[in-house]
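Novice: Going by our numbering, the first residue of the sequence shown is number 1, and it counts up by one from there.
Possibly wrong hints are sitting among the right ones.
No farther apart than 27 Å at their CA atoms in a straight line, the calculated lysine-lysine pairs in the DSS-like style are these [stated by the list, open to error]:
id : residue 1 : residue 2
1  : K79       : K25
2  : K79       : K66
3  : K50       : K81
No lab work stands behind these hints: they were computed from the structure.
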Amino acid sequence: MSTKTKIVQVDERGRRIGETHPRAKLTDHEIDLIRELAEDGMTYQEIAAKFDLQDTAGRGRKYIGKIVRCERRAHIAAKAKRIAA
Numbered sequence: 001m002s003t004k005t006k007i008v009q010v011d012e013r014g015r016r017i018g019e020t021h022p023r024a025k026l027t028d029h030e031i032d033l034i035r036e037l038a039e040d041g042m043t044y045q046e047i048a049a050k051f052d053l054q055d056t057a058g059r060g061r062k063y064i065g066k067i068v069r070c071e072r073r074a075h076i077a078a079k080a081k082r083i084a085a
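Go ahead and model the full structure; you've got the sequences and the hints to work with.
Specialist: Written out as structure tokens, the structure is:
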């Protein structure tokens with residue numbers, strides 16, 4: 001019997017981060033793209049619509065703002081860890 005494993009990113013405390021976190025909604029590539037679009041002048045509302053993150057309460061716009069200001073998804077991987085898939 002072989003056990004499948006996968007490699008995940010973890011911070012200095014060993015917690016999963018980035019797109020390998022179980023509740024991640026966006027990939028690391030999408031996070032980079034969001035920050036680039038904001039740098040190029042696109043509004044948070046426009047970016048939220050582009051990534052289908054908008055809702056009537058404006059939470060998508062706020063989420064994009066937190067990503068752009070590096071309040072969300074700002075951890076840097078300290079190492080990689082192998083986990084059972």
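Novice: Could you run down the list of hints and mark each one as holding or not?
Specialist: Checked hints:
1. K79 to K25: 21 Å, holds
2. K79 to K66: With a Cα-Cα distance of about 24 Å, the restraint between K79 and K66 holds, given a limit of 27 Å.
3. K50 to K81: Outside the cut-off at roughly 33 Å; violated.
The structure fails to meet hint 3 from the earlier list, while all remaining hints are met.
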